[in-house]
Amino acid sequence: MARLDPDSLAAHTDRLYRAAWALCGSPLDAEDLVQETFARVLGRPRFLSGQDELAYLMQALRNTFLSGRRAAARRPAVVAARVEELSLSDGRASTQPEEALAAGELLAAVAQLDDDFRFALVAVDILGLSYAEAARALGTREATITTRLYRARQRLARQLAPPQSAASREGTARSGRLIDE
Amino acid sequence: MILRPRKHDRSTAAITRLADGSASERERAALEAAVARSPQLAAELAEQRQAVTALAALDLQAPPGLHARIRELERKPASRRPRTTRRAAVIALAVLVLVLVSLSRSSGHASVRGVIAIALASASQPPPAVSPRDHALLDVAIDRATFPNWDYRGWRTTGSRLDTLGGQSVETVYYTARGWERVGYSIVGGSALPVKGAKLVLARHGVSYWVISDAGASVLTWRRDGHTCVLASHRAPVSALLALAQAD
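In order, the protein sequence lines correspond to chains G and E. Everything in the first sequence is counted per my numbering, starting at 7 for the first residue and increasing by one. Everything in the second sequence is counted per my numbering, starting at 6 for the first residue and increasing by one.
Keep in mind that the hints were calculated from the coordinates and are not lab data. Note that CB positions come from ideal geometry on N, CA and C, so glycine has one too. One or more of the hints may lead you astray.
Stated by the list, open to error - Listed next, with one range per pair, are the computed distances between beta-carbon atoms:
no.	chain 1	residue 1	chain 2	residue 2	range
1	E	Asp230	G	Asp58	26 to 32 Å
2	G	Gly145	E	Arg138	43 to 49 Å
3	G	Ser14	E	Gln66	14 to 20 Å
4	G	Ser14	E	Ala208	51 to 57 Å
Bound-form chain E, shown alone (with noise of 0.2 Å):
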């Protein structure tokens, strides 16, 4: 004896529509008498209803910064967005607010570890132009360390923000390869920050890159013109950071 899943009838799709509401009067009043004749039938339409139940009850809003980004598209073309300045700047005030009160709970002073939360938080603001003079490099800068453009690698900015951690500005860039492989690039403004519980991977050409483990993300940081630059993805591989920050 071979056993197989009964197929696709009319039962399933009236089942289907009356759980979501959008069966016929006529198939509504006929279902319903059958279920309540037949348990397997009611156990069927009480699955299907949790279902429908649950996704309807999902209340998620899109963060204001995608909200704003996403105005910001609807009014210039993909290829011509500008960095927001005033609108952009009260949402990355309302950003340093949250990561000022989450971060201060545990340090009075900027750390790699609140540098490596905030690459891997969501962008606030639009993504920077392509600096009008050097299509190789962003137009934003932070204490005159400049993020690179990728572009020709494959990886596309997708959003930014700036926060102030422990006194020291941090100004981050988003990019995404195609297949959302998402890395936050981060560069803190002033002194370099000291690098606790890293190993060293690789030093070439008087640049030292650590590896710093953090639970569920790839960590990546180094020092350029004395800043502290941290690469950090949820997805990418260590492997694709080094690539990345060595191109930078």
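Isolated chain G (complex conformation) (with noise of 0.2 Å):
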């Protein structure tokens, strides 16, 4: 069983980096997603398990990201009293600058995907793994994984495609690909 070693993980941190934001939609988050990755991966030693390198460090970001999003979850909303009834308008949700961005459009779509499509095509489509490490990675099957890359891709086009190609293909799809029953 080979060891991680530490030295060789900076390499991949641009790409690791890339993964974050299309798993947290956010640059900023994206930036302490990896960085908390790594420190739990360098928090001590770590050893591979005939895995690739990269696969590992994409199974940690995952895990990383679902405990973090667990956490947020279970921890109760700090409540100001004098805060709330100043009915404080909250326009957080109209302004991501980084939208703005060709790039920052797309890895924001695939935020938007559903986790399992989502982390398919992060480890394929962004990190680059084969369909087994992925597989290997996510814990499931590499039919499944083809399965979800089909699925994420397919939904991920539409959501960029301008709205009118989007519904001429749905129409497409609709006629060449429901079967009667």
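Join these two chains into a complex; the hints should help.
Shown next as structure tokens:
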């Protein structure tokens, strides 16, 4: 069983950052997620059980992302009556400057996919893992990865397409890919 | 008549693999022939390729500050990360130039708006260590104004940065709660800055807390020992900022 070489991990920072952005939908959150992932991985010696380094990092990134989200869901909301009473307007959802960039829009679209589809897409199309590596990192079968990848790409392409062409494609798909029952 | 999508089948798998070049020779030849005969398969393949191509063209690089923090993590265990000195200073200088260039267009002197932009920006340096003298504080200060260690409240430090705004130093520490709610805490060195367009939300123990409307962010400002303090976040609500500020 090979030991993970801590000195070689930094070479994956850029790819992991793109993957994290696609998971979180925000560049700032992506930075924090990547840093937290590295902090966890480097916190103690790690061993690769036949895995590629990048596949191991994908697994760690996904686990860190999910545990952070679970923790956020468990944490009770902080309430300050005096502030609530003022009915402060919160325009957070309306302004995300990074989305003005094409890459930001693309990754934000990926972040809106369902978890299973998103993880498959991130593993294969962003990190560049093989189907087999992605299946192992995500704890599923290769055939499942293939199906999820197909659906993820389909949804992403339709999300990014102009409304008219998306509608037209939907019509084509309905007429050609649906079956009578 | 009930219509439902066709289930996963071999052609779907083959199209998926053909789109990213991972199909076997045999699959490729067979599928290319099928695609040539079927406009529907051709449309599916085009859709798959569109997504693959868009994602393959992504050329985003991680910010220099993140690279620096990862290198720092590699050097030392996470629990004992010291602040960088010279390298951090170089990075801070680069950030300073960017900030000054962007801010000098609108204002020649420091403003709370400028501080908010910094509090919402990326970290450029590793997080400061916990103060060896007092674990409730971090080992960083500006004009003797210290930063709190909110670890016990579930907010971990993730980075920091030092900027100069209109001739005044601004030290910022970034905190993250599990779940990626991120907060930037900036303290301005020198004299306090005037607060404009803010709403008083709380006055307690002689300290007044003001909320500033900033598109896309929650922002709270107050004065501590004559220094302007700003807490800002894209995700955490103002109520959370207020709770943190009062714990400061």
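Structure-based check of all given hints:
Distance hint check for aspartate 230 of chain E and aspartate 58 of chain G: the Cβ-Cβ separation is about 53 Å, which falls outside the suggested range of 26 to 32 Å. Judged by the Cβ atoms, the range 43 to 49 Å given for glycine 145 of chain G and arginine 138 of chain E holds: they are separated by roughly 46 Å. The hinted window of 14 to 20 Å between serine 14 of chain G and glutamine 66 of chain E holds, with their beta carbons roughly 18 Å apart. The given range of 51 to 57 Å is respected by serine 14 of chain G and alanine 208 of chain E, whose C-beta atoms sit roughly 54 Å from each other.
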